[in-house]
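Residue numbers (the working numbering), protein chains in the order written: chain H, 44 to 257; chain Z, 44 to 257; chain R, 44 to 257; chain F, 44 to 257.
Hints were generated in silico from the structure; no laboratory data involved.
Don't take every hint at face value.
A pair counts as met if it fits within one copy or between any two copies, since identical chains are not told apart.
[Stated by the list, open to error] Straight-line Cα separation of at most 25 Å, SDA-like style, residue types lysine to any residue; simulated pairs:
| id | residue 1 | residue 2 |
| --- | --- | --- |
| 1 | 134 | 105 |
| 2 | 189 | 106 |
| 3 | 242 | 102 |
| 4 | 242 | 106 |
| 5 | 242 | 69 |
| 6 | 247 | 106 |
| 7 | 134 | 102 |
| 8 | 134 | 197 |
| 9 | 247 | 104 |
There are 4 protein chains.
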Amino acid sequence: MKVVVNLKAYPCDSVEVATAARDVSEESGVPIAVAPQAAHLERVAETGVETWAQHVSPVEHGSHTGSTLAEAAAEAGATGTMLNHSERRLKLADIDTALAAAERVGLETCICANNPDQIGAVAGLGPDAVAVEPPELIGTGTPVSKADPDIVTDAVAAAEDADDSVAVYCGAGISTGEDLTAAQELGAEGVLLASGVAKADDPKAALEDLVAPL
Amino acid sequence: MKVVVNLKAYPCDSVEVATAARDVSEESGVPIAVAPQAAHLERVAETGVETWAQHVSPVEHGSHTGSTLAEAAAEAGATGTMLNHSERRLKLADIDTALAAAERVGLETCICANNPDQIGAVAGLGPDAVAVEPPELIGTGTPVSKADPDIVTDAVAAAEDADDSVAVYCGAGISTGEDLTAAQELGAEGVLLASGVAKADDPKAALEDLVAPL
Amino acid sequence: MKVVVNLKAYPCDSVEVATAARDVSEESGVPIAVAPQAAHLERVAETGVETWAQHVSPVEHGSHTGSTLAEAAAEAGATGTMLNHSERRLKLADIDTALAAAERVGLETCICANNPDQIGAVAGLGPDAVAVEPPELIGTGTPVSKADPDIVTDAVAAAEDADDSVAVYCGAGISTGEDLTAAQELGAEGVLLASGVAKADDPKAALEDLVAPL
Amino acid sequence: MKVVVNLKAYPCDSVEVATAARDVSEESGVPIAVAPQAAHLERVAETGVETWAQHVSPVEHGSHTGSTLAEAAAEAGATGTMLNHSERRLKLADIDTALAAAERVGLETCICANNPDQIGAVAGLGPDAVAVEPPELIGTGTPVSKADPDIVTDAVAAAEDADDSVAVYCGAGISTGEDLTAAQELGAEGVLLASGVAKADDPKAALEDLVAPL
Chain H
44 MKVVVNLKAY
54 PCDSVEVATA
64 ARDVSEESGV
74 PIAVAPQAAH
84 LERVAETGVE
94 TWAQHVSPVE
104 HGSHTGSTLA
114 EAAAEAGATG
124 TMLNHSERRL
134 KLADIDTALA
144 AAERVGLETC
154 ICANNPDQIG
164 AVAGLGPDAV
174 AVEPPELIGT
184 GTPVSKADPD
194 IVTDAVAAAE
204 DADDSVAVYC
214 GAGISTGEDL
224 TAAQELGAEG
234 VLLASGVAKA
244 DDPKAALEDL
254 VAPL
Chain Z
44 MKVVVNLKAY
54 PCDSVEVATA
64 ARDVSEESGV
74 PIAVAPQAAH
84 LERVAETGVE
94 TWAQHVSPVE
104 HGSHTGSTLA
114 EAAAEAGATG
124 TMLNHSERRL
134 KLADIDTALA
144 AAERVGLETC
154 ICANNPDQIG
164 AVAGLGPDAV
174 AVEPPELIGT
184 GTPVSKADPD
194 IVTDAVAAAE
204 DADDSVAVYC
214 GAGISTGEDL
224 TAAQELGAEG
234 VLLASGVAKA
244 DDPKAALEDL
254 VAPL
Chain R
44 MKVVVNLKAY
54 PCDSVEVATA
64 ARDVSEESGV
74 PIAVAPQAAH
84 LERVAETGVE
94 TWAQHVSPVE
104 HGSHTGSTLA
114 EAAAEAGATG
124 TMLNHSERRL
134 KLADIDTALA
144 AAERVGLETC
154 ICANNPDQIG
164 AVAGLGPDAV
174 AVEPPELIGT
184 GTPVSKADPD
194 IVTDAVAAAE
204 DADDSVAVYC
214 GAGISTGEDL
224 TAAQELGAEG
234 VLLASGVAKA
244 DDPKAALEDL
254 VAPL
Chain F
44 MKVVVNLKAY
54 PCDSVEVATA
64 ARDVSEESGV
74 PIAVAPQAAH
84 LERVAETGVE
94 TWAQHVSPVE
104 HGSHTGSTLA
114 EAAAEAGATG
124 TMLNHSERRL
134 KLADIDTALA
144 AAERVGLETC
154 ICANNPDQIG
164 AVAGLGPDAV
174 AVEPPELIGT
184 GTPVSKADPD
194 IVTDAVAAAE
204 DADDSVAVYC
214 GAGISTGEDL
224 TAAQELGAEG
234 VLLASGVAKA
244 DDPKAALEDL
254 VAPL
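Same shape as in the complex, but just chain H:
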């Protein structure tokens, strides 16, 4: 199982969460990546944690003011990126181009989508992973694995149909070790989480609890 911690635009201390993630990852052997604001990529990467961008733009070098260039993210230390998060939905053509941009600089990629149909669609584009996150569960604390386990198994089936080398991650409402185990049993190979760690009083304890069952 892989864990990606999305810091969104939360008022958390990105270096504190990154340091906790690095330590828990080293201690547990579970790969944990942290995805901060683009402006914080460098300080997060300096902790030694696996660092992901929250998004990269569907552009190449050129006149693209205000974009998030994959090359710049990689130079700042990112080794992976989410794409099409429900808070940063992209046009289909732009998912395709942003994926190519990420691959151009060797970023690991995880494309998010709402439901099994869309998971099948994006898995066919060939990312490293896809993440199913029903929008209605994001930020609720109710894990998709409990609220609607069929969404996870259907997503796993849809991704496999499209391209069986694509891993399926599970997002929305994940916060405990039990949630993570439930996701794993449904076929997920990773989890995306956010507030459960980023807003925790003690991010390290939250991460330790999360990976304890593994």
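Start from chain H and add chains Z, R and F according to the hints.
Just chains Z, R and F now, with coordinates in the frame of chain H:
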């Protein structure tokens, strides 16, 4: 006169340009800011140059994956930001909210617009500066001060009508000291430029040439 | 006072509302326009009511699949259009271009905005009218004239500063004759309303009530 | 083979093209649909031709000013719709929701995409048809079947892998009967075309030439 160098998503060495800008600014006394990719804000700020964001998002702390949070830009060292660049046009309501976000963290602000009418519109929102950049001249090497000087004088008049404390900058096609002087004579108090410095073989020499007449 | 009834994407009978508006307008002498879905412009215009588009695109004739071309709206019978409604916010540059498109075919124009600052901004672009609609009041049934009368007077002042030939309309929460009178007393020259008429059991009675005080 | 004529925002007489399409369809037995501006749906449908929307919005009845509600398009006479045309690209989640909107009112659906990968992605969502239109060929007069026949065969294969009940149409550069035959030989079951008919001096002759080989 103030100079803002927009590095866009150019394949330039942002630290090299930043260092050149810092040195030329110190030697000449002309304020020169450099606006890199968000992921490069920290390394640019570390050179000591005045550092600007290319854009900040119309959001506060919260669930805004893939945004450019003003707080994060400021923490990375930005002290100013462009808004509504022609390559990153915003909805009017979002210009208003992004301006409030920038002001919330004390960023100096410069809102770009296409023509004098739009300059009047955005000046009324109360930024520190507005920049008139006719889209058809961006990247051409033909300065607006030559191609159509009335645009600059009309923009200055429109901004003054709306709010006479707002400075007017001039963008699009500026690259030489002569261009800068011409802009100044038309009433501009600053210039935005990009490829003329960022793509120059010798960015320092380009900046020295630019500020020489001042 | 002018009344614009926005049918949005409501499940109302657009011809029934249009017929009621036509009749009440003729009986009362108060100008009442109805703004249906683009696909219903023709059937609404055939009733003889003043017909408005809800939006026109910032384009000219050409390769713009899925746009709402001002020419097509006019050919279908529209004589006016809203622009930048809070449910269809536009980039500032696109407000400017869409306004030009509407003027190109002689449509009366009303640009919506959230607050007095934005009202000042769009009034400067020179439309026939602007409409202030605080987003937090839309659909609440609480008229802006009661919830926050200063917004209306400030919007009137801001528009006058920018261009004193631009009329100010008042939207959000207007449904009764009392609301309309209150808006008028604050300086508004028109009202935008939607659910109060479009979702009324008897749209004609709702409109008669609305214009009764005039 | 099915023919869909996209009138975009062209300055053509939509009723003249519709009448020609109706007549040629009746004479030849080839199904020909015409997709006008939303504001022209009603007048086009009144000719008796098969009428398509160029786009429908990913919304249901409600507060969606300026949208193109599927219900309104159907009430105006549309029996089909394009989605995600390269001039009206949608977010993936919105393609999914707009498709559901179109199906809710019984519209035939054709989702456009740039390349075989994206065709596979959208075919998996279950529309009636998908259309491959390489953006670089749109409006060139060079048919994709000549410029790059592999794109068509790869698109047909990708769609079949995803859902073998989905028809593949071929767009971009189609204008003659020869182009249509070439598309058919590569596995396409329909064509999208635009300027070749809409801008023809004699649309009826252009359509007759198009369907002659069938």
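Hint by hint, here is what the structure shows:
{"no.": "1", "hint": "134 <-> 105", "in the structure": "both (20 Å within a copy, 22 Å between copies)"}
{"no.": "2", "hint": "189 <-> 106", "in the structure": "between (46 Å within a copy, 22 Å between copies)"}
{"no.": "3", "hint": "242 <-> 102", "in the structure": "between (32 Å within a copy, 18 Å between copies)"}
{"no.": "4", "hint": "242 <-> 106", "in the structure": "between (37 Å within a copy, 11 Å between copies)"}
{"no.": "5", "hint": "242 <-> 69", "in the structure": "within (22 Å within a copy, 42 Å between copies)"}
{"no.": "6", "hint": "247 <-> 106", "in the structure": "between (41 Å within a copy, 21 Å between copies)"}
{"no.": "7", "hint": "134 <-> 102", "in the structure": "both (13 Å within a copy, 17 Å between copies)"}
{"no.": "8", "hint": "134 <-> 197", "in the structure": "both (23 Å within a copy, 22 Å between copies)"}
{"no.": "9", "hint": "247 <-> 104", "in the structure": "between (38 Å within a copy, 22 Å between copies)"}
Hint compliance for this structure: no hint is broken.
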